[in-house]
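S.K.: Each chain is listed here by its residues.
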Amino acid sequence: MVQLLILSGKGGTGKTTLAGAFIKLSAAKAYADCDVDAPNLHLIMTQQAQGEKSDFYGMPKASIDTNLCVRCDFCRQSCRFGAIDNESNYTVDPFACEGCGVCEYVCPAGAITMTPAVSGELILYSNDSVFSTAQLKMGSGNSGKLVSEVKKQMLSAAAHADFAVIDGSPGIGCPVIASISGADMVLIVAEPSVSGISDMERIIKTAKSFGVRLAVCINKYDINKMNTQHIEVYCSNAGVDFVGKIPFDPLAIKAVNNGKNITEIDCSSGRAVRDVYKRTVELLFESKKRCEKCE
Amino acid sequence: MKIAVLSGKGGTGKTLVSVNLACAAKSSIYIDCDVEEPNGHLFFKPTNIKEEQIKVKIPFADNALCTGCRQCVDFCKFNALAYAGGQLKVFENICHSCGGCVLVCPENALAEKERIVGMTHKGDSGNVTVYTGFLNTGEPSGIPIIKKMIGENNQKRASLTFIDCPPGSACIVMENIKDADYCILVAEPTLFGVHNLKMVYELVKLFDKPHGVILNKCQDSENPSEKFCVEQRIEIIGRIAYDYELGTLNSNAEIAVRSSEKYKTIFSSLLQNVMREARHGTTINPKR
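Protein sequence lines correspond, in order, to chains A and B. Our numbering numbers the first residue of the first sequence as 240 and each following residue consecutively. Our numbering numbers the first residue of the second sequence as 34 and each following residue consecutively.
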């Protein structure tokens, strides 16, 4: 399966809108939303059938049996995450607990057990195509682990699909790194603002360190043409493929607000995204084509 | 007074709101906790920068003492240790610095050293003291950097502090709002915007934080986020209209409040609303 991952560094540049368009244009048999913190792809990818839901267990959480607790304070002193409170008779803050098990180990009274904890929910839609998504529980950790589960779920349900589009999350940390593993190409959606450029440079640096193939496109390019030019020059200097630009389009916002895909209506962003799609896919399958020519 | 600015969805205007509110105040502290993609410093262009490296603890083995018993490997819940080729290997990026491996080693073969994961900058920009956290690229977690910046400012209860949060609603956001006195939720008028607003709204309710919404990029058309606020009776503390001039200033990383009297007036009155609501919120919850 060839996997195209869409990232941006900065939030709100248009990853999900673009991912939705790419899914429609490619008629992808498999797609996933790896922005488990704030998933949105399901809002524009209307599903016929009900999704199949399953609990996601992240790290276990410590729990203290106050009947056995001898109040020796060892657990509180050993916890690096400040998760144990002695004021309220030794209780564990489940949001601070990272599930390392140190407290359980140091407790001389056997009062602490590590209990499995649900940290989110995985959802799988399988109709003519497979859509894997998830929702992390509020304030929870383990987002990288859940991202890996979302991809695993997609891969096992759509083992025979040849192409997958994956919507990523903003930032450069844990969930982004987890989503990069296994991707054949990362398409970065940049925004022509000083902030957008700084964030793009950081995501390029991050993705490059994992050795994955990169391409950049610019969304809302006409809101600041100077910055757009700056991005194009940056990409050419950095040896990153530039695959096109999409104009700011009020109709795109309207489409999204009606749960529609920008390729389904006649609009300037919908037309531009087709070119970006064409060039991205050409690049992605370039090596494959080269092999075919040899034969 | 500590005010956290959050949104769930990225790109709704957290930085726009927190930077301009900080500038509209007589004097304030601005902390950029979006350490993966910090942008506030691009607007403030702070001077007199004091840099500090942020380190975490990671284990290392004394191979002469290690007998290969693998007790540490079995203990590590994060799979950050492996014993292979007659040597203990530490996957430094995955380590959560819990210190468990050092505790369980029967040979005292493990000790801890420090590893740099990022840095903080503290600088001045007119009336604002600017803190910025930078996570090194390739590092998974910026939480140690956020904890450091928030911890350092925890003592300064008297001053007005704005915390520019990362997007989402995961542990990293929770870390930011834990000590906040008031939360501003910035929402944009889209279906995505309202969906993610619901999530951060759940988060602030979960932590029982006084909160209000600022509606950004408002246009004449229907606003799903506003509708949600009205339905849920969430206080709308302000509206920022979508306008080309503000968009251009923002895309060039210029601070609107410092560039034009018009925006100075807008954000000053927004700040007054915020302060009134925040004071009201903290009197109801005097513990905070």
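Honestly, the hints are just simulated from the structure, not real lab data. Be a bit skeptical, because a hint or two may be false.
[To be verified] Taking lysine-lysine and the DSS-like style, the derived pairs with C-alpha atoms no more than 30 angstroms apart in a straight line are:
| no. | chain 1 | residue 1 | chain 2 | residue 2 |
| --- | --- | --- | --- | --- |
| 1 | B | K78 | A | K300 |
| 2 | A | K447 | B | K59 |
| 3 | B | K146 | B | K78 |
| 4 | A | K517 | A | K300 |
| 5 | B | K181 | A | K292 |
| 6 | A | K384 | B | K59 |
| 7 | A | K300 | B | K181 |
| 8 | A | K444 | B | K59 |
| 9 | A | K268 | A | K464 |
| 10 | A | K444 | B | K122 |
| 11 | A | K300 | B | K242 |
| 12 | B | K155 | B | K59 |
[What the hints assert, rightly or not] Computed beta-carbon distance windows for the label pairs:
| no. | chain 1 | residue 1 | chain 2 | residue 2 | range |
| --- | --- | --- | --- | --- | --- |
| 13 | B | P139 | A | G321 | 44 to 50 angstroms |
| 14 | A | D401 | B | N187 | 27 to 33 angstroms |
| 15 | B | E85 | A | M465 | 31 to 37 angstroms |
| 16 | A | D401 | B | G119 | 42 to 48 angstroms |
| 17 | A | D401 | B | G101 | 43 to 49 angstroms |
| 18 | A | A266 | B | L98 | 28 to 34 angstroms |
| 19 | B | Q305 | A | G321 | 44 to 50 angstroms |
| 20 | A | D401 | B | A274 | 31 to 37 angstroms |
| 21 | A | F524 | B | F124 | 47 to 53 angstroms |
| 22 | B | N160 | A | K391 | 48 to 54 angstroms |
| 23 | A | D401 | B | Q305 | 46 to 52 angstroms |
[As the list claims (entries may be wrong)] The following residues of chain A were derived to be distant from chain B, with all beta-carbon distances above 12 angstroms:
| no. | residue |
| --- | --- |
| 24 | L361 |
| 25 | I462 |
| 26 | R518 |
Keep in mind that this is a model prediction, so the values were computed, not measured. Positions of the beta carbon are idealized from the N, C-alpha and C atoms, including for glycine.
S.K.: Assess, step by step, whether the Cα of K181 of chain B is no farther than 30 angstroms from the Cα of K292 of chain A, and give holds or violated.
M.R.: Since the Cα atoms of K181 of chain B and K292 of chain A sit roughly 38 angstroms apart, the hinted pair is violated (cutoff 30 angstroms).
S.K.: Should the hint that Q305 of chain B and G321 of chain A are 44 to 50 angstroms apart at their CB atoms be regarded as holding?
M.R.: violated, 36 angstroms
S.K.: For K300 of chain A and K242 of chain B, compute the direct alpha-carbon distance and say whether it is at most 30 angstroms.
M.R.: holds, 24 angstroms
S.K.: Is it true that the CA of K444 of chain A sits at most 30 angstroms from the CA of K122 of chain B?
M.R.: Holds. K444 of chain A to K122 of chain B sits at ~26 angstroms (cutoff 30 angstroms).
S.K.: Verify the proposed pairing of K300 of chain A with K181 of chain B, using a straight-line Cα cut of 30 angstroms.
M.R.: Within the cut-off at roughly 24 angstroms; holds.
S.K.: Is I462 of chain A truly not at the interface, in the sense that its beta carbon sits beyond 12 angstroms from all beta carbons of chain B?
M.R.: violated, 6 angstroms
S.K.: Take the C-beta atom of D401 of chain A and the C-beta atom of A274 of chain B, compute their distance, and say whether it sits inside 31 to 37 angstroms.
M.R.: violated, 47 angstroms
S.K.: Can you confirm whether the C-alpha distance between K78 of chain B and K300 of chain A stays at or below 30 angstroms?
M.R.: Since the Cα atoms of K78 of chain B and K300 of chain A sit roughly 42 angstroms apart, the hinted pair is violated (cutoff 30 angstroms).
S.K.: Are the Cα atoms of K155 of chain B and K59 of chain B separated by 30 angstroms or less?
M.R.: Distance of about 19 angstroms is within 30 angstroms: holds.
S.K.: Please test the hint of 27 to 33 angstroms on the beta carbon pair from D401 of chain A and N187 of chain B.
M.R.: violated, 53 angstroms
S.K.: When you check the alpha-carbon spacing of K268 of chain A and K464 of chain A, does it fall within 30 angstroms?
M.R.: violated, 36 angstroms
S.K.: Between D401 of chain A and G119 of chain B, does the beta-carbon spacing fit 42 to 48 angstroms?
M.R.: Roughly 43 angstroms apart at Cβ, these two residues keep to the hinted range, so it holds.
Against the hints set out earlier in the document, violations occur for numbers 1, 2, 3, 4, 5, 6, 8, 9, 13, 14, 18, 19, 20, 21, 23, 25.
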